[in-house]
Amino acid sequence: MRFTINLATKTYLDHQLINRGLIISLLVLVMLSAWKVVSFCGNMGKQERLRADIASLEERLKSRSAGVSEQEYSSQQKTIRFYNEIIERKSANWLSLLEQLERATPEGIALASLAPEKKTGILKIEGRARNFGQVRTYLERLGDSKAFTDILLLSHADQVVGEKGHGVRFTISCRTVKQ
Numbered sequence: 027m028r029f030t031i032n033l034a035t036k037t038y039l040d041h042q043l044i045n046r047g048l049i050i051s052l053l054v055l056v057m058l059s060a061w062k063v064v065s066f067c068g069n070m071g072k073q074e075r076l077r078a079d080i081a082s083l084e085e086r087l088k089s090r091s092a093g094v095s096e097q098e099y100s101s102q103q104k105t106i107r108f109y110n111e112i113i114e115r116k117s118a119n120w121l122s123l124l125e126q127l128e129r130a131t132p133e134g135i136a137l138a139s140l141a142p143e144k145k146t147g148i149l150k151i152e153g154r155a156r157n158f159g160q161v162r163t164y165l166e167r168l169g170d171s172k173a174f175t176d177i178l179l180l181s182h183a184d185q186v187v188g189e190k191g192h193g194v195r196f197t198i199s200c201r202t203v204k205q
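For the sequence shown, my numbering gives the first residue as 27, with consecutive numbering after it.
Keep in mind that a hint or two might mislead.
[As the list claims (entries may be wrong)] Calculated lysine to aspartate or glutamate pairs in the EDC-like style (CA-CA distance at most 20 Å, straight line):
#1 Lys145 - Glu114
#2 Lys150 - Glu125
#3 Lys144 - Glu114
#4 Lys145 - Asp170
#5 Lys204 - Asp176
#6 Lys172 - Asp184
[As the list claims (entries may be wrong)] Here are the computed distance ranges between Cβ atoms for each label pair:
#7 Pro132 - Glu189: 25 to 33 Å
#8 Thr146 - Ala183: 21 to 29 Å
#9 Ala78 - Ser122: 55 to 63 Å
#10 His192 - Glu114: 35 to 43 Å
#11 Leu48 - Glu84: 51 to 59 Å
#12 Tyr109 - Asp79: 48 to 56 Å
#13 Glu152 - Ile113: 23 to 31 Å
#14 Arg86 - Ser139: 32 to 40 Å
#15 Ile106 - Leu58: 53 to 61 Å
#16 Asn119 - Glu166: 18 to 26 Å
#17 Arg77 - Ser122: 56 to 64 Å
If you are wondering where the hints come from, they were derived from the structure by calculation, not from laboratory data. Bear in mind the structure is a predicted one, so any value in this text is a computation, not a measurement. For glycine and all other residues, C-beta sits at the position ideal for the given N, C-alpha and C.
With the hints as extra help, turn the sequences into a complete structure.
What follows is the structure, encoded as structure tokens:
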């Protein structure tokens, strides 16, 4: 047997394996370069289309009138205020308010009117009672209720009903606590 390679003194390289690795690496790099060129060309086309779209939109903006007339603006503001008032009125929970008033109202008190003020949040209550003691009881029950604060007796007056009947007419203001 005859050896042609001396492994102790000479390093052996597999040139075929190295050449295959280099060729595969070169092919991968060529494919990546081709992919980048194709995506670059596509992006350039998109950029040109976007420039054309921007130019057409700028032309449309220049051809429009400068603004909205004062009359149209005030009309729009009036419409917005109207709808906001409707939304505000619908957002008030009247059933809950009436339920709280019913719980706080003792026997012998008749409520004549409820007048909420939107700006201040105050509720004015007008009513009738048989005597002032019932009005006092009503004020105490409103105060004990967690639904009402800042309770004030604004006015009270004796009222004659028929020949033998008499009562007290009163006005109370309070704030409702939002729940």
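Do the hints match the structure? See the list:
{"no.": "1", "hint": "Lys145 - Glu114", "in the structure": "holds (12 Å)"}
{"no.": "2", "hint": "Lys150 - Glu125", "in the structure": "holds (16 Å)"}
{"no.": "3", "hint": "Lys144 - Glu114", "in the structure": "holds (9 Å)"}
{"no.": "4", "hint": "Lys145 - Asp170", "in the structure": "violated (25 Å)"}
{"no.": "5", "hint": "Lys204 - Asp176", "in the structure": "holds (14 Å)"}
{"no.": "6", "hint": "Lys172 - Asp184", "in the structure": "violated (30 Å)"}
{"no.": "7", "hint": "Pro132 - Glu189: 25 to 33 Å", "in the structure": "holds (27 Å)"}
{"no.": "8", "hint": "Thr146 - Ala183: 21 to 29 Å", "in the structure": "holds (24 Å)"}
{"no.": "9", "hint": "Ala78 - Ser122: 55 to 63 Å", "in the structure": "holds (60 Å)"}
{"no.": "10", "hint": "His192 - Glu114: 35 to 43 Å", "in the structure": "holds (41 Å)"}
{"no.": "11", "hint": "Leu48 - Glu84: 51 to 59 Å", "in the structure": "holds (53 Å)"}
{"no.": "12", "hint": "Tyr109 - Asp79: 48 to 56 Å", "in the structure": "violated (36 Å)"}
{"no.": "13", "hint": "Glu152 - Ile113: 23 to 31 Å", "in the structure": "holds (28 Å)"}
{"no.": "14", "hint": "Arg86 - Ser139: 32 to 40 Å", "in the structure": "violated (57 Å)"}
{"no.": "15", "hint": "Ile106 - Leu58: 53 to 61 Å", "in the structure": "holds (58 Å)"}
{"no.": "16", "hint": "Asn119 - Glu166: 18 to 26 Å", "in the structure": "holds (25 Å)"}
{"no.": "17", "hint": "Arg77 - Ser122: 56 to 64 Å", "in the structure": "holds (60 Å)"}
When held up to the earlier numbered hints, the structure conflicts with 4, 6, 12, 14 and fits the remainder.
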